[in-house]
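A.B. asks: For the record, the sequence lines run as chains G and D. When you read off a place in the first sequence, starting at 1, and then add 31, the result is the number in our numbering. When you read off a place in the second sequence, starting at 1, and then add 3, the result is the number in our numbering.
FYI, nobody ran anything at the bench for these hints, they're computed from the structure. From a predicted model like this one, the values you see are computed outputs, not experimental measurements. Built from N, CA and C at the ideal position, the CB exists for glycine as well. Treat the hints with caution; some may be incorrect.
[To be verified] In silico DSSO-like pairs for lysine-lysine, Cα to Cα no more than 30 Å straight-line:
id, chain 1, residue 1, chain 2, residue 2
1, D, Lys-139, D, Lys-96
2, D, Lys-114, D, Lys-139
3, G, Lys-96, D, Lys-23
4, G, Lys-96, D, Lys-20
5, D, Lys-23, G, Lys-72
6, D, Lys-20, G, Lys-72
7, D, Lys-20, D, Lys-93
8, D, Lys-96, D, Lys-20
9, D, Lys-93, D, Lys-114
10, G, Lys-72, G, Lys-96
11, D, Lys-114, G, Lys-96
12, D, Lys-93, G, Lys-72
13, D, Lys-23, D, Lys-93
14, G, Lys-72, D, Lys-96
15, D, Lys-96, D, Lys-114
16, D, Lys-23, D, Lys-96
[Said to hold, decoys possible] These stretches of chain G come out as covered by chain D in the derived footprint (C-beta under 8 Å, 3 or more residues):
id, segment
17, 76–90
18, 97–109
19, 160–167
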Amino acid sequence: MKLNHEEASANAAGLFTLALRWVIGWTYFSAFWRRLILENKLIPGEAGYIGEKFNHFLPNALGIKPIIEYLVSHPDSLYISMIAFTIIEAVVGLLMILGLFTRLMSIGVMLLALGILLGSGWLGTTCLDEWQIGVLGIAGDLPSSWPAAALFYGSLPGKKGAPGKQYQMVLPYRIRTTALQKSAPTGFNVLRSYSGHHPVDEPVFPWGRLGHPA
Amino acid sequence: MTNQYFHGGVWGTLHNKSVKPRIELSDIRYQADELHFQLFRTEGADVYGSFLIEIAVLNESGDRVLSLGQRELSQLLPGNIRNHYVAQVKPGKHSLVIPLGAKADLSIPLKGLNTNQTYRIQLTDISGLTWDAGFKIH
Numbered sequence: 032m033k034l035n036h037e038e039a040s041a042n043a044a045g046l047f048t049l050a051l052r053w054v055i056g057w058t059y060f061s062a063f064w065r066r067l068i069l070e071n072k073l074i075p076g077e078a079g080y081i082g083e084k085f086n087h088f089l090p091n092a093l094g095i096k097p098i099i100e101y102l103v104s105h106p107d108s109l110y111i112s113m114i115a116f117t118i119i120e121a122v123v124g125l126l127m128i129l130g131l132f133t134r135l136m137s138i139g140v141m142l143l144a145l146g147i148l149l150g151s152g153w154l155g156t157t158c159l160d161e162w163q164i165g166v167l168g169i170a171g172d173l174p175s176s177w178p179a180a181a182l183f184y185g186s187l188p189g190k191k192g193a194p195g196k197q198y199q200m201v202l203p204y205r206i207r208t209t210a211l212q213k214s215a216p217t218g219f220n221v222l223r224s225y226s227g228h229h230p231v232d233e234p235v236f237p238w239g240r241l242g243h244p245a
Numbered sequence: 004m005t006n007q008y009f010h011g012g013v014w015g016t017l018h019n020k021s022v023k024p025r026i027e028l029s030d031i032r033y034q035a036d037e038l039h040f041q042l043f044r045t046e047g048a049d050v051y052g053s054f055l056i057e058i059a060v061l062n063e064s065g066d067r068v069l070s071l072g073q074r075e076l077s078q079l080l081p082g083n084i085r086n087h088y089v090a091q092v093k094p095g096k097h098s099l100v101i102p103l104g105a106k107a108d109l110s111i112p113l114k115g116l117n118t119n120q121t122y123r124i125q126l127t128d129i130s131g132l133t134w135d136a137g138f139k140i141h
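So that you can see chain G by itself, here it is in the shape it has in the complex (with noise of 0.2 Å):
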């Protein structure tokens, strides 16, 4: 196989954002993990029940007031919305950890951070807490979005070793190409320019400069 130099930077950007996906995975993955397994905050009436918290979003919301007030207004409409939230939470957090689909789910986290800024950002005792998570989930979501996973991926196969089995653990990065080549034309070119004249559905192994066999 062969790897040159741009490819390697492909990798590099992959890299850099690392930090920011597992910070940012965590923060939604954490309110699953908070709500569900350390303690049951979705329990309809009981304290600390996560609906009354969203209640508290309500008065100085910025532009959905209409959908909380609706919500709240309906505690069984309530009920499904917080249970999906936290789905939703824990599977777009999950993957962003692990750097599965990361373009996809960076669509999710945007949309979340959104979410939280514009119901709570007014809220925050200390530090304008709320609007600081709302504004850095958004801002550390873009570049995170961008060159996705590509060291996580190439990782992985190395591990094992098989040249043949290597191919396989690529596939989420042939997935990840061609769906921005379809949604993204500007960041498809830009992870392009990254990875010089290659084909971009070939595997870009952090490894490679350090001699993995071709």
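Based on these hints, arrange chain D on the given structure of chain G.
C.D. replies: Chain D in isolation, oriented as in the chain G frame:
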């Protein structure tokens, strides 16, 4: 933009709506010896309070024609409170607890208010903050 909207963080007066509770009073009506009004808590910490320790009705000269104190407020009946949302106004151990975002219609029996007079409803939080609104009986 959101920073400015939520906190006035770019120019003008800074504000943090999570610091002190604020309760809005509206829809005041007096019918059949009952006083009806709506409470909506719009500001203050999301995780705590507020705790009402007095609901008073004052006449034009500032005398209390009604005063519900801690004991009465902690014993309000479910029939006196109609909650709109999931976060609910409820009698607590020593006060009437009003969570952030809660909206409720209260009905309080009160005899003998005179027509063509103005009165004020005054709410007192345990912190000493008060909120009031006037009304006139036609």
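A.B. asks: Taking the hints in turn, state whether each one holds.
C.D. replies: Structure-based check of all given hints:
1. Lys-139(D) / Lys-96(D): At roughly 33 Å apart (the allowed maximum being 30 Å), Lys-96(D) and Lys-139(D) break the hint.
2. Lys-114(D) / Lys-139(D): Since the Cα atoms of Lys-114(D) and Lys-139(D) sit roughly 15 Å apart, the hinted pair holds (cutoff 30 Å).
3. Lys-96(G) / Lys-23(D): holds (21 Å)
4. Lys-96(G) / Lys-20(D): Status holds; Cα separation ~16 Å.
5. Lys-23(D) / Lys-72(G): Distance of about 26 Å is within 30 Å: holds.
6. Lys-20(D) / Lys-72(G): holds (25 Å)
7. Lys-20(D) / Lys-93(D): It holds: about 23 Å lies between the C-alpha atoms, which stays within 30 Å.
8. Lys-96(D) / Lys-20(D): holds (26 Å)
9. Lys-93(D) / Lys-114(D): holds (24 Å)
10. Lys-72(G) / Lys-96(G): holds (23 Å)
11. Lys-114(D) / Lys-96(G): violated (38 Å)
12. Lys-93(D) / Lys-72(G): Since the Cα atoms of Lys-93(D) and Lys-72(G) sit roughly 20 Å apart, the hinted pair holds (cutoff 30 Å).
13. Lys-23(D) / Lys-93(D): holds (20 Å)
14. Lys-72(G) / Lys-96(D): Cα-Cα ~23 Å, so holds.
15. Lys-96(D) / Lys-114(D): holds (27 Å)
16. Lys-23(D) / Lys-96(D): holds (21 Å)
17. 76–90: Satisfied; 10 residues make the cut.
18. 97–109: This one holds; 5 residues, not fewer than the three required, reach chain D with a Cβ under 8 Å.
19. 160–167: holds (count 3)
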